[in-house]
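**Q** Sequence:
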Amino acid sequence: MNGMIKILTIIGARPQIIKAAALSRAIKNHFADKIHEVIVHTGQHYDDNMSKVFFDEMNVPNPDYNLGVGSGSHGKQTALMIEKTEEVILHERPDFVVLFGDTNSTLAGSVAAAKLHFPIIHIEAGLRSFNKSMPEEINRIVCDHTSTLLFTPTKTGLNNLVREGFNPSSKPPYSQDNPGIFHCGDIMLDNSLYFADFAESKSKILENNRLEKGQFILATIHRDNNTDIPERLNSIFQAIHEISVGENIDFILPLHPRTTKILRQNLTDKVFRTITDNPKIKIISPVSFFDTLVLEKNCRMVMTDSGGVQKEAYFFKKPAIILRAETEWVEIVEYGAGICTDAGIENIIKAYRYFTWHEPVFPPVFGDGRAAEFICRQILLRH
1 MNGMIKILTI IGARPQIIKA AALSRAIKNH FADKIHEVIV HTGQHYDDNM SKVFFDEMNV
61 PNPDYNLGVG SGSHGKQTAL MIEKTEEVIL HERPDFVVLF GDTNSTLAGS VAAAKLHFPI
121 IHIEAGLRSF NKSMPEEINR IVCDHTSTLL FTPTKTGLNN LVREGFNPSS KPPYSQDNPG
181 IFHCGDIMLD NSLYFADFAE SKSKILENNR LEKGQFILAT IHRDNNTDIP ERLNSIFQAI
241 HEISVGENID FILPLHPRTT KILRQNLTDK VFRTITDNPK IKIISPVSFF DTLVLEKNCR
301 MVMTDSGGVQ KEAYFFKKPA IILRAETEWV EIVEYGAGIC TDAGIENIIK AYRYFTWHEP
361 VFPPVFGDGR AAEFICRQIL LRH
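For the sequence shown, our numbering begins at 1 and goes up steadily by one.
Keep in mind the hints are simulated off the structure, nothing from the lab. Every residue, glycine too, gets a C-beta built ideally from N, C-alpha and C. Just to be clear, a hint being listed does not mean it is correct.
[As the list claims (entries may be wrong)] Pairwise CB distance ranges (calculated): (1) 208 <-> 177: 52 to 58 Å; (2) 230 <-> 76: 23 to 29 Å; (3) 204 <-> 316: 26 to 32 Å; (4) 278 <-> 33: 30 to 36 Å; (5) 142 <-> 34: 26 to 32 Å; (6) 204 <-> 76: 52 to 58 Å; (7) 90 <-> 132: 42 to 48 Å; (8) 34 <-> 231: 51 to 57 Å; (9) 68 <-> 257: 16 to 22 Å; (10) 344 <-> 172: 30 to 36 Å; (11) 87 <-> 335: 44 to 50 Å; (12) 71 <-> 177: 15 to 21 Å; (13) 75 <-> 213: 42 to 48 Å.
[To be verified] Cross-link-like lysine-lysine pairs, in silico, DSS-like; alpha carbons within 25 Å at most: (14) 213 <-> 202; (15) 171 <-> 280; (16) 132 <-> 204; (17) 34 <-> 171.
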């Protein structure tokens, strides 16, 4: 431990476990004698199905701490996470606190570390949807503006930071008042490239759901403003039904248990009966990261409100129908590989038809699949 840099990695949601896998793997394979990682799981989304399987499957070291926070209102959940994260930071006294993305765990970690004057590393910095009604937008802005080292996956992210006053020419020593910003590529590309072939050999998701390669659409819906607003949810599912019947194509929807419960509550009786009676719409439980990769790699296109799934669709050269009015991954839309439809039936159907006749291009805007190694080298250089 003498002379090693200690980082405290804070994760709380499934996508963060996956991102942490890339960083942990880079440390284990290339920097084990220089960087010591302590992993904290806040418990934001923790249960055996939603998290433990991810640690096992992704070969992520088990968390050194599980704060056991669980779900709750934004205020209660974040407050409890701040309190418990502070205790761990003071006990471990790391050289850096590492945060990913834009969840409540990210926000709590940034507030706790910044007020205790421990330097923050933010991975996936600089992303902006320019919609502050989204809690994720607030979380990512707060984290960026309390961080010491900021690693952005895209040039657009770097430009966003510069526009907000970050100095691209800042020099060490870096601090909260003199942060360093770096364009490193996307850490999720590291994982998609690393695991894609292995996932295909291991997964039975296509056979188990009788899906033919290139003959189905992967749909994911989880954002509150889609699931919790009945008009929007009905509109999305009406579009899914119309496309599945009119175009004779299967849909597979791995839905969070909460969303599955909400379908009965927020869909009209007519729409609920229509989708449950439609054999081409397959609603299943959440799937593992490997199964997700296989679905993304073999689908015809993706329909999603998830930022992560948009990106992974791009990695596998699949067009994305984005069920939001805007996206923080603007390159996907700029290159014509994704269309923001929001929740309108006509817009969704129109986007599907566009992609059946137009083949998008997928320039390599997300880096070379070695973002985690770049991040580790910068940590060592800047300490």
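**Q** Could you run down the list of hints and mark each one as holding or not?
**A** Against the structure, the hints come out as follows:
About 53 Å separates the C-beta atoms of residue 208 and residue 177, a value consistent with the hinted range of 52 to 58 Å. Taken as a hint, the range 23 to 29 Å holds for the pair residue 230 and residue 76, whose Cβ atoms sit roughly 26 Å apart. In this structure, residue 204 and residue 316 break the distance hint of 26 to 32 Å, their C-beta atoms being roughly 19 Å apart. Checked against the hint of 30 to 36 Å, the C-beta distance between residue 278 and residue 33 comes to roughly 56 Å, which is inconsistent with it.
The hinted range of 26 to 32 Å is satisfied by residue 142 and residue 34, whose Cβ atoms lie roughly 30 Å apart. Taking the beta carbon of each, residue 204 and residue 76 are about 40 Å apart, not inside 52 to 58 Å as hinted. About 32 Å separates the C-beta atoms of residue 90 and residue 132, a value inconsistent with the hinted range of 42 to 48 Å. The hint said 51 to 57 Å for the Cβ distance between residue 34 and residue 231, and at roughly 54 Å that hint holds.
Our hint of 16 to 22 Å for residue 68 and residue 257 holds, since their Cβ atoms are close to 19 Å apart. As the Cβ distance of residue 344 to residue 172 is approximately 49 Å, the hint placing it in 30 to 36 Å is violated. For residue 87 and residue 335, the Cβ-Cβ distance of about 45 Å falls inside the hinted range of 44 to 50 Å, so the restraint holds. Against the hinted window of 15 to 21 Å, the Cβ-Cβ separation of residue 71 and residue 177 comes to about 35 Å, which falls outside the hint.
Between residue 75 and residue 213, the C-beta spacing of about 45 Å keeps the proposed range 42 to 48 Å intact. For the hint pairing residue 213 with residue 202, the CA-to-CA distance comes to about 16 Å; that is within 25 Å, so the pair holds. Among the hinted pairs, residue 171 with residue 280 is inconsistent with the structure: their alpha-carbon atoms are about 56 Å apart, more than 25 Å. Restraint check: the Cα-Cα separation between residue 132 and residue 204 comes to about 40 Å, which exceeds 25 Å; the hinted pair is violated.
For the given pair, residue 34 sits about 23 Å from residue 171 by alpha-carbon distance, which is consistent with the 25 Å threshold.
Of the numbered hints listed earlier, those contradicted by the structure are 3, 4, 6, 7, 10, 12, 15 and 16.
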